[in-house]
Amino acid sequence: MFGLGISEALILLAIVVLMFGGKKLPQLGKSMGQAITGFKKGLNESPEEESKDKIEDTTKKNT
4 MFGLGISEAL ILLAIVVLMF GGKKLPQLGK SMGQAITGFK KGLNESPEEE
54 SKDKIEDTTK KNT
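If you read the sequence shown in the working numbering, its first letter stands for residue 4, the second for the next number, and so on.
Just so you know, these hints were derived from the structure itself, not from any lab.
Just so you know, even glycine gets a beta-carbon here, dropped at the ideal spot from N, CA and C.
Don't take each hint at face value.
[Stated by the list, open to error] Under the rule of at most 30 Å between Cα atoms (straight-line distance), these lysine-lysine pairs were calculated in the DSBU-like manner:
| # | residue 1 | residue 2 |
| --- | --- | --- |
| 1 | Lys43 | Lys26 |
| 2 | Lys27 | Lys44 |
| 3 | Lys33 | Lys43 |
| 4 | Lys44 | Lys33 |
| 5 | Lys44 | Lys26 |
| 6 | Lys27 | Lys43 |
[To be verified] Have a look at the derived ranges for each label pair, beta carbon to beta carbon:
| # | residue 1 | residue 2 | range |
| --- | --- | --- | --- |
| 7 | Ala17 | Lys43 | 26 to 32 Å |
| 8 | Ala38 | Gly8 | 24 to 30 Å |
| 9 | Lys33 | Leu7 | 20 to 26 Å |
Construct the entire structure; sequences and hints are all you get.
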């Protein structure tokens, strides 16, 4: 895990909990998951799919 030991990971987790609070952690995790999913999807898309998406977006904006 990025060269971190268990103690370092626990310290980072404690800092995150202190910064964001326990109530916002699920929302933060969900946002991070969506961002990672979107990033992976963008990496896997071919250039043809990207151009199709741009054409569809332009068509929707013009109507």
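Is Lys44 close enough to Lys26, meaning Cα to Cα at most 30 Å?
Measuring from Cα to Cα gives roughly 29 Å; hence the hint holds.
When you take the CB atoms of Ala17 and Lys43, is the distance between them in 26 to 32 Å?
Roughly 29 Å apart at Cβ, these two residues keep to the hinted range, so it holds.
Between Lys33 and Lys43, does the CA-CA distance stay at or below 30 Å?
Holds, because 15 Å separates the two Cα atoms, which is no more than 30 Å.
Hinted pair Lys44 and Lys33, Cα distance within 30 Å
Holds. Lys44 to Lys33 sits at ~16 Å (cutoff 30 Å).
Lys27 and Lys43 were given as a pair; does the straight-line alpha-carbon distance stay at or below 30 Å?
Roughly 24 Å between the alpha carbons, so the hint for Lys27 and Lys43 holds.
Do Ala38 and Gly8 keep their Cβ atoms within the hinted range of 24 to 30 Å?
holds, 26 Å
For a C-alpha distance cap of 30 Å, please report whether Lys27 and Lys44 respect it.
Satisfied, since the Cα-Cα distance of roughly 26 Å is no more than 30 Å.
Mind checking the alpha carbons of Lys43 and Lys26 for me, to see if they're no more than 30 Å apart?
Holds. Lys43 to Lys26 sits at ~28 Å (cutoff 30 Å).
Holds or violated: the 20 to 26 Å window for the beta-carbon distance between Lys33 and Leu7?
holds, 23 Å
The structure agrees with every numbered hint stated previously.
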